[in-house]
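*Asks:* These are the residues of each chain, in order.
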Amino acid sequence: MKIVVIGATSGIAEHCCRLWAAEDGADFVLMARDTAKAEKIAADLEVRGARSTSLAKAEFFDPAAIEAFAEAAVAAGAVDVVLIAHGWLSDQQSCQDDLALCRESLEVNAVSPVLFAEAFAAHFARANRGTIAIIGSVAGDRGRKANYTYGACKGLIGRYAEGMQHRFAGSGVKIVLIKPGPTDTPMTASQKAAGRKLAPVAQVARETVDGIRRGRPMVYTPLLWWPIMLIVRHIPRFVFNRLSI
Amino acid sequence: MRPVSSWGRLGAPPHDIVELTDRDRVAASLRHGPGIAYGMGRSYGDACLNPGGVLWRTAGLDRLVSFDGATGRLVCEAGVVLRDIQKLMIPRGWSLPVVPGTQFVTVGGAIANDVHGKNHHVAGSFGEHVRRLRLVRSDGETIECGPDLRPDLFAATVAGLGLTGIIVQVELQLRAGNGPWLEAETISFGGLADFFALSDESEAGWEHTVSWIDCTSGSELRGLFMRARPAAGRIGRPWRERSRRVPFTPPVSMVNRLSLRPFNTLYHALGRRRTGVQVVHYEPFLYPLDSVLEWNRLYGPMGFFQYQSVVPRAAGLGATRDMLDAIARSGEGSFLAVLKTFAERPPAGLLSFPREGVTLALDFRHSRALPQLFARLDDIVRAAGGRLYPAKDARMPRALYEATYPDLPAFAAHRDPGMSSGMSRRLMGR
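For the protein sequence lines, the chains are A and B, in the order given. So in this note's numbering, spot 143 of the first sequence is number 425, and the numbers just go up one at a time. So in this note's numbering, spot 80 of the second sequence is number 82, and the numbers just go up one at a time.
A few of these clues could be false.
[Said to hold, decoys possible] Subject to a maximum C-alpha distance of 16 Å in a straight line, what follows is the list of computed EDC-like cross-link-like pairs (lysine to aspartate or glutamate): (1) A:K284 x A:D362; (2) A:K322 x B:D24; (3) A:K319 x B:D26; (4) A:K474 x B:E21; (5) B:K89 x A:E305.
[Said to hold, decoys possible] Partial pick of chain A residues on the chain B-facing surface, computed with a CB cut under 10 Å: (6) V329; (7) K474; (8) A475.
[Stated by the list, open to error] Some chain B residues judged to face chain A by a derived CB distance under 7 Å, without partners named: (9) E21; (10) R65; (11) V67.
It should be emphasised that the hints constitute simulated quantities derived from the structure, not laboratory data. Small disclaimer: the values here were computed from a predicted structure and weren't measured. Glycine residues also receive a C-beta, built at the ideal position from the N, C-alpha and C atoms.
I would like the entire structure built from these sequences, with the hints used as guidance.
*Replies:* Printed below as a string of structure tokens:
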């Protein structure tokens with residue numbers, strides 16, 4: 283099994299990789315901005331049973347570089363899973379005050395993941411196999427004043443995945459959209475400090491890997507978020523706009 | 003600031019929690035101290051707490067660094083949980099030589115408390131199997147130490163309660179294992195003399211020994227002696243991991259004067275039906291409580307104390323009898339009272355708890371009768387030349403600690419001034 287991970291130092295991605303290493307002895311191609319941390323993760327995965335690991339040069343925005351990366355990854359041997367996990371929890375108030383930051387958040391959390399998904403989709407379509415898993419978020423299910431920049435990015439990813447699922451319906455290519463609730467990872471350290479209850483990352487990773495294995499179109503993890511977001515999505519606007527959630 | 007409690011749940015004082023996630027960037031986080039490292043929070047009292055101050059949480063330091071399949075040397079970060087090592091290594095023919103009664107502790111915590119297991123007479127304490135430590139001190143210095151490298155600092159760090167710096171990386175010597183199956187035998191016994199005879203008889207041929215005792219039976223002791231050894235080549239009934247969780251904290255302790263005697267009688271009766279030899283999986287034998295997650299909630303919102311003592315063998319029979327009598331008279335006690343012998347081995351750390359003798363461990367719900375009972379037990383332990391286990395302790399008097407850990411002055415020289423815990427202030431003054 284060959285797995286390509288974009289944003290390999292993401293807490294959820296790292297824990298997914300641990301499961302793939304231990305259970306499948308997978309081959310990994312890891313892309314991350316923080317090379318020193320990615321090297322530590324690669325060593326860890328090898329001890330846990332990975333057959334091989336290699337680090338890819340970080341290129342998150344240049345379309346040509348992303349295409350070349352996908353091309354090279356597939357050329358070196360069929361890719362079974364691409365996990366697109368990079369992201370950054372931007373602070374809402376800062377995005378409102380600083381448009382440069384707002385744009386950066388949109389590029390990191392929405393544009394870049396989509397480019398990776400398209401780049402690999404082209405190859406997977408030709409081979410008629412492969413799974414593209416993208417980490418969305420429950421934050422993408424409805425815009426809220428507390429985090430709508432981040433939420434809109436994740437919403438875009440969700441809609442994009444939906445479109446790709448339509449495109450690949452009935453084929454061998456699977457598109458899996460993961461929607462984790464707030465999860466205990468380094469990305470959410472500030473939420474944790476504020477006393478917010480966070481899901482254990484090992485549980486989220488377990489459910490993510492299981493969802494990818496089954497090729498499920500959408501995975502809410504922990505599952506409790508599915509009914510919660512069902513309700514949140516359906517609250518009438520005149521009620522919703524009076525709520526402070 | 004967020005509330006944090008230790009395993010005894012005696013309180014949840016606020017802490018300023020700092021997450022450590024990168025072993026090469028720990029030093030920068032230590033500037034905010036003084037504080038103490040916090041792993042899985044399985045010590046019972048205040049060893050892992052620093053009320054009102056900083057906790058450095060090591061859960062994010064959970065990466066493996068390297069493993070040499072020829073020699074069994076594993077290098078890993080200090081926040082790795084023992085269970086993860088066992089799950090990964092046992093199928094490959096290696097295992098941790100020493101694991102305490104729960105697998106849900108970190109490597110760093112196992113070293114800082116120099117934990118022991120049911121095989122102390124064979125493998126000693128956890129610290130005996132550590133080859134290298136990487137310690138980050140609050141002044142930013144990173145120090146490597148081991149039994150053959152700065153052995154004085156190493157001996158202070160093993161069982162050092164986290165007070166010599168933050169352990170970030172460890173090299174462990176694993177033991178070539180025999181797979182997950184154990185040949186286990188349960189023997190019903192009555193009386194302390196019987197217990198000691200069984201212990202002596204079992205030490206040569208059985209790797210793991212431990213006894214459950216009915217703490218309501220006093221010195222007319224009844225109990226179940228359990229021993230196990232690798233089941234070479236034999237395989238037991240398929241074992242599936244199942245864990246239940248205590249779903250909420252009941253308003254009062256479920257362990258109380260009403261429930262204690264019936265439970266112990268029932269447990270003993272059921273145990274007697276299981277006597278004889280069986281091939282069992284190592285997990286339910288070695289870590290029976292790990293299948294009930296958050297069992298500490300059973301003691302209710304007030305929490306509980308554990309009292310674990312060791313007394314030298316020479317005084318063991320009389321001292322243990324006196325303690326059991328005092329406990330039975332008090333009417334307090336626990337479902338799981340444990341009695342086990344320790345062998346004579348040189349301690350791995352200056353402040354290591356295990357010593358030659360017999361150790362007794364019991365949980366007590368929070369109640370008004372406890373201070374008096376504990377004072378009585380303290381007197382017995384001290385008169386017998388024994389000591390208490392800091393990892394379990396939340397209340398031992400400083401005088402008792404100083405009298406029973408004679409290497410304390412030597413230890414003090416190695417302390418990192420940036421490390422401080424509730425326990426260090428209670429027992430060492432700072």
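*Asks:* Which hint numbers doesn't this structure obey?
*Replies:* Violated hints: none; all satisfied.
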